[in-house]
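Visitor: So you can see what is in the structure, the chains are spelled out below.
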Amino acid sequence: MSDGLKSYILPTILALLFHAGLVMLTATTWFETEGKQVRVTPRHINAELVDLRSQNKAKDEAKRKADASKKAAAKKTASKKAAAKKKAEAKRKAKQRAEKDKQRKIAQKKKADNKRKADSKRKAEAERLSLAKKKKADQQKAEQKKADQKKAEQRKQAEARRIADQAEQEEKLLAQERLRQQQAQQQAQADAEQAWQAQAQQLVASASDVIRSGVQSQWVRPASARNGMVVSVRIRLLPTGEVDDANIFKSSGDEAFDRSAVKAVLKAERFPKLQNIDPVVFDRYLRQIVLEFRPDDLRY
Amino acid sequence: MLRLGALLLFIWSSLAQAELTIEITQGVDQPVPVAVVPFGWQQARSLPEDVAQIISDDLYRSGLFAMMNRNNMLSFPTRSKEVYFRDWRLADQDYMLIGQVLAEADGRYRINYELYDVVNETRLLAAYIKGTNKQFRRMAHRVADAVYQKLTGIPGAFATEIVYVTAQRLSQERYNYRLEVSDADGANPKVILQSNEPILSPSWSRDGKKLAYVSFETGRPAIFIHDKLTGAREQVTRYRGLNGAPSWSPDGKTLALTLSKDGNPEIYTLDIASRKLTRVTRHYGIDTEATWSADGKSILFTSNRGGAPQIYQQELATGWVERLTFEGDYNAKAHLTHDGRHLVMVHRNRGSFHIAVQDLKTGRLDVLSQTSLDESPSIAPNGSIVIYATQEGDKEVLAAVSLDGQVKFRLPSKSGNVREPAWSPYLQ
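First to last, the sequence lines map onto chains A and B. Residue numbers for the first sequence follow this note's numbering, beginning at 1 and rising by one. Residue numbers for the second sequence follow this note's numbering, beginning at 301 and rising by one.
FYI, nobody ran anything at the bench for these hints, they're computed from the structure.
On the chain B side, residues computed to face chain A include the following (Cβ under 8 Å):
(1) L320
(2) I322
(3) V328
(4) Q330
(5) V332
(6) L364
(7) I454
Computed from a predicted structure; not experimentally measured. For each residue, glycine too, the CB sits at the ideal point set by N, CA and C.
Just chain A, same shape as in the assembly (with noise of 0.2 Å):
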């Protein structure tokens, strides 16, 4: 290693010491805002469960200090019972122990050895149970700070969603009205155009039956039309009602026939009550119209 290296450990330390400093910092405002969040957060559903199970929880208990207190009385009824007996078979047993008494000691040696054998083992076992104990605590410590930290994640998740599930609530909201006024205007606009409509149909259907009259007065039939002949003359009308054009559309295939509905058309000439008529409705619907001539009134 370098003099110039080892200038830099100072520095380097010290900007370390100084991070980790402010990371420590920003942890505690961290804890901070969570506690105080979790303050927000309560929900009556959790202590209505909460409560629920507590309840649930006190019966058991008198159930089973209940349970307890049957099975003392049952245990004194029976250990008096048992002394009794007992008794009686004290002599039976001392002249039994008087004999084994020998062998005991034997024994009681010998359990004496296994049982410092055992109980060393069982120190070393309690020790090592003790570490383990120990370490369990320290890695549930450390998963309960990493649950910890999770749940505070989770937290603030949820909050953020909220506040975006907020956000685009209110925005919905705000497009629900606008479609509202859209449609109403909408809804207004077609009734205009509906009454308009009406009010243009009204005006073609009379304008029809001025057509259809002033049509109708010219009509000669030749003696080739029979009941049945369609043709259709497609005309064109001047917004004054004067006709500027008729031609055959569909012919019936009988000359004679079709040049006498042109000519009645031509004959009718022009239909002045039209003049009167709305120009956008003329527009639309009457500037030009078809014909059918389909006579009925024939004899044949």
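Fit chain B to the given chain A structure using the hints.
Guide: For chain B alone, coordinates are given in the frame of chain A:
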């Protein structure tokens, strides 16, 4: 999506509205105004006939046209460049006919004619016809036929003829009977046969060259065939009893007739070439007045087998008989239009005899004439007009009515009584 649908609906509806369709189901039954302008003729000598007037009269008699009076015409154009449609439109004319007569180098005449649609300002016809100076009337009728066909869609039947019988009383018991042929308008009458005994039931062959009729000239009824051009006559039946009501088959080879040689009147067919007679009807009732169906496969006749005279139809091949008329207590003298759809007959309604037409497709019967004692209907070859005999005062005259009953007119009155008319087929 909704907006798009609404837009489409709107476009659709506006498109549908652009095709606004108005139905015209009724018209007027009024004559079409037509102006027939006097035909041009450049030479000093006058023509034997006023061609334009003949055409105008023909069209007028059809009942379908109202002819413009010449006195109201502002000009007499004879060529297309002289036609000013505005003048004629202001005169409320729908059509106008102009023409000119030209003398040909061979001494014949040529008639040029042009038909105009005044409202549409278009020319519908431009043609010519040639003939001798004796054929002016015939030429005029042919022009009228062409115009009629153009304007109505139906062939004209003006250049046809009518055969009929006149009876002139000479003294208390003597009559003069004549079989005459004239143009369809009654002009140019020619006597074919004169007799002091009755002549009945003339019938045209389908080519218009021969006539069959019943004559009593031998003292009793007999059927003759008469060649119109050569005047040659031939007696084809001389049976005991009734020999009557001959009718030519469509192919011209067979005559249907009524004979009572076997007891009571029955219908027979006679093969003209071989003179072979075949009995058609077998019934104790009276069967008479045979006429042919359009296809020549069956015969229609009058029979009283149902109690009162009615029209029956019998198929020649199978003998199958069908009654055709049910309205009224008397229907007789049936004739079919050439298309076979309409049956024209004498129909008795509350004691008076009228001409009636029955639509065989619908069964509908219409009484066409309002006069009484109407007899012997005969149909023009184009099916437009029925000619018949009727009573005017104490005189028998000929009258005509259009098949739709709209037009009625009298034919020019002849001297004496006129009866038994028969309209010719189309003549070549």
